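Residue numbers (the numbering used here), protein chains in the order written: chain A, 1 to 402; chain B, 403 to 487.
Careful: at least some of the hints might be erroneous.
A few chain A residues that face chain B, going by a derived Cβ cut-off under 8 Å, partial list only [to be verified]:
(1) SER67
(2) ARG127
(3) HIS129
(4) PRO130
The calculated lysine-lysine pairs, modelled on DSSO-like cross-linking and capped at a C-alpha distance of 27 Å, are [to be verified]:
(5) LYS2(A) <-> LYS152(A)
(6) LYS379(A) <-> LYS279(A)
(7) LYS209(A) <-> LYS199(A)
(8) LYS125(A) <-> LYS481(B)
(9) LYS209(A) <-> LYS303(A)
(10) LYS125(A) <-> LYS486(B)
Here are some chain B residues the structure puts well away from chain A; computed CB gaps all over 12 Å [what the hints assert, rightly or not]:
(11) GLU461
(12) SER465
(13) GLY478
These aren't lab readings, by the way, just hints derived from the structure by calculation.
Note that the structure is predicted; figures quoted are calculated from it, not measured.
For glycine and all other residues, C-beta sits at the position ideal for the given N, C-alpha and C.
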Amino acid sequence: MKRVVITGAGTINALGHSVPDTLEAMREGRCGISELEFRDVERLAIKIGGQVRGFEAEGRFNRQQMSLYDRFTQFTLTAAKEAIDQAGLTFHGDLAARSGVVLGTAGGGVSTWDDNYRSVYEDGKNRVHPFVVPKLMNNAAASHVSMEHNLKGPSFTVSTACASSNHAMALAFQMVRSGAAPVMITGGSESMLCFGGVKAWEGLRVMSKDACRPFSANRNGMVQGEGAGVFVFEEYEHARARGAEILCEVAGFAMTSDASDIVMPSKQGAARAMAGALKDAGLNASDVGYINAHGTGTAANDKTECAAVADVFGPHADELMISSTKSMHGHLIGGTGAVELLACIMALRDGIIAPTIGYEEPDPECALDVVPNEAREAKVDVALSNAFAFGGLNAVLALKRI
Amino acid sequence: MSISDRVIAIIAEQAVLEPSDVTPESTLEDLGIDSLGLVECIFAIEEEFDISIPFNANEPEASDFDISNVAAIISGIEKLVAEKV
Numbered sequence: 001m002k003r004v005v006i007t008g009a010g011t012i013n014a015l016g017h018s019v020p021d022t023l024e025a026m027r028e029g030r031c032g033i034s035e036l037e038f039r040d041v042e043r044l045a046i047k048i049g050g051q052v053r054g055f056e057a058e059g060r061f062n063r064q065q066m067s068l069y070d071r072f073t074q075f076t077l078t079a080a081k082e083a084i085d086q087a088g089l090t091f092h093g094d095l096a097a098r099s100g101v102v103l104g105t106a107g108g109g110v111s112t113w114d115d116n117y118r119s120v121y122e123d124g125k126n127r128v129h130p131f132v133v134p135k136l137m138n139n140a141a142a143s144h145v146s147m148e149h150n151l152k153g154p155s156f157t158v159s160t161a162c163a164s165s166n167h168a169m170a171l172a173f174q175m176v177r178s179g180a181a182p183v184m185i186t187g188g189s190e191s192m193l194c195f196g197g198v199k200a201w202e203g204l205r206v207m208s209k210d211a212c213r214p215f216s217a218n219r220n221g222m223v224q225g226e227g228a229g230v231f232v233f234e235e236y237e238h239a240r241a242r243g244a245e246i247l248c249e250v251a252g253f254a255m256t257s258d259a260s261d262i263v264m265p266s267k268q269g270a271a272r273a274m275a276g277a278l279k280d281a282g283l284n285a286s287d288v289g290y291i292n293a294h295g296t297g298t299a300a301n302d303k304t305e306c307a308a309v310a311d312v313f314g315p316h317a318d319e320l321m322i323s324s325t326k327s328m329h330g331h332l333i334g335g336t337g338a339v340e341l342l343a344c345i346m347a348l349r350d351g352i353i354a355p356t357i358g359y360e361e362p363d364p365e366c367a368l369d370v371v372p373n374e375a376r377e378a379k380v381d382v383a384l385s386n387a388f389a390f391g392g393l394n395a396v397l398a399l400k401r402i
Numbered sequence: 403m404s405i406s407d408r409v410i411a412i413i414a415e416q417a418v419l420e421p422s423d424v425t426p427e428s429t430l431e432d433l434g435i436d437s438l439g440l441v442e443c444i445f446a447i448e449e450e451f452d453i454s455i456p457f458n459a460n461e462p463e464a465s466d467f468d469i470s471n472v473a474a475i476i477s478g479i480e481k482l483v484a485e486k487v
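So here's chain B without its partners, still in its complex pose:
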């Protein structure tokens, strides 16, 4: 599975949706994921890829990690995974 598919699978599970319902343009709000759900998503993604995501729940917008939509999250994860190697 590609990074994109794996991230979408995690987000879909959190949102209790089918992966096909999660599109790159979807925002977390569209998917019904609240702040607690977001923190759980971040945790699950970190576990999946063994990376550390620079995300601060106090100020999500000020974090270096863009969570504005699914595509932004995927590209952020791809960058972190690439940096890891």
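So that you can see chain A by itself, here it is in the shape it has in the complex:
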């Protein structure tokens, strides 16, 4: 089995348009959640989100590209460029033939669906632009990354709701670890912040109207975000041979299914995923210094997740730190695990733990060190990144300092 390392990272989200900007915001505990701005927002009950601001797609992409790129693809291409530039890789010959792209998204081109449904249903038009299908399809982003960077190996999209990115990265990890691919571009993106996208979530009545406060006793729900996180997963010897800067090692993963409820999380499913990731990585529970929580800020998730951590880690649960950066960038749904992986990289590489902001009142059912409100310096050797999706599909990654 090969070792797998991360040699490039890219992002765009409500906290920043790049990895350095995002990590700075996380260090400062800045909140990227604010009033939503888009058509018909006044008809929504939920009017806040982690919206990407100041992203001028028109300046980055030409007219033909704009007609083919939904916002989730625009985010993905922007993040992929940053990641691949950092890795310093160009793909040709055998490397191109064997390297691919595995990305996660829950909704794909949601705003393309939304705009065109509006056009045919509300405006009564009977004709849509010819590229509606290639623009909205869930694999559009992965395909455009493969075209843009000449990646000709295995490429596809994974859609497992809020765990999409973690499932995608776990599959990319497996491909590099098994030797099937020397390099995989992976992560995920989401762009659901449009009228239909938020209206659908409103229906569930789990959304907060004011803030995302994970683990805080007065939490009142989740807040949606948008954006992308993309990484270069590379075989360790391949990275070393070319003198690449290594951000951290991906050491293991596990996926489990609750097989119980379509929306309610299960402590056992979450616990089995965390324990499984440690076992796959050959690590002990006591090695873990930091967990990037799924931490949605809903009553159901936070207490179930904390109980699962207590089960897996026993007394060590009180020694480790666990934080939810969704408090800052919102819940990026299918892209969330990818942006949250950045907090794990910051913990391992820079020794800085991103805080859970908006934390106001301790909750006895979430009695862990949730790094409230302020970032902290700490040396961390091993970090976990949790994602627990609707449908009871869980995926946890284990990462190591290098």
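Put chain B on the given structure of chain A with help from the hints.
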């Protein structure tokens, strides 16, 4: 603007050319318009004239709509616009 000028303006925009560079004899291939660009042109023309063009991208040659050059496209559009009234 005449139908001809309006069609040429749409084709020119798709080809990223000046309308003066688009002549009746030009073929879409001459103008660098590929199959995706052609479908976009058809869409833009349908929107402009509020007509429905009988064009099937699976078999462009077998369609009732002649796209062999700009003049053929214009005369096809003129016919469809006349039928509409």
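When the least beta-carbon distance from SER67(A) to chain B is tested against 8 Å, hint result: With Cβ-Cβ at 7 Å, under 8 Å, it holds.
Restraint satisfaction for PRO130(A) [CB to CB of chain B, less than 8 Å]: holds, 4 Å
LYS209(A) paired with LYS303(A) [C-alpha distance capped at 27 Å]: holds, 21 Å
Distance restraint between LYS209(A) and LYS199(A), which requires alpha-carbon spacing of 27 Å or less: holds, 13 Å
Least C-beta distance between SER465(B) and chain A, which was stated to exceed 12 Å: holds, 15 Å
Hinted pair LYS125(A) and LYS486(B), Cα distance within 27 Å: holds, 18 Å
Interface hint compliance - ARG127(A) to chain B, C-beta minimum distance less than 8 Å: Status holds, d = 6 Å.
Beyond 12 Å from each Cβ of chain A, as asserted for GLU461(B): holds, 16 Å
Proposed proximity, LYS279(A) with LYS379(A) (alpha carbon, max 27 Å): Within the cut-off at roughly 22 Å; holds.
Straight-line alpha-carbon gap LYS125(A) to LYS481(B), limit 27 Å: Given pair LYS125(A), LYS481(B) holds - Cα atoms ~23 Å apart, limit 27 Å.
GLY478(B) and chain A, when compared Cβ to Cβ, separated by more than 12 Å: holds, 18 Å
Minimum beta-carbon distance criterion (8 Å), HIS129(A) to chain B: holds, 6 Å
Checked against the numbered hints above, the structure violates none of them.
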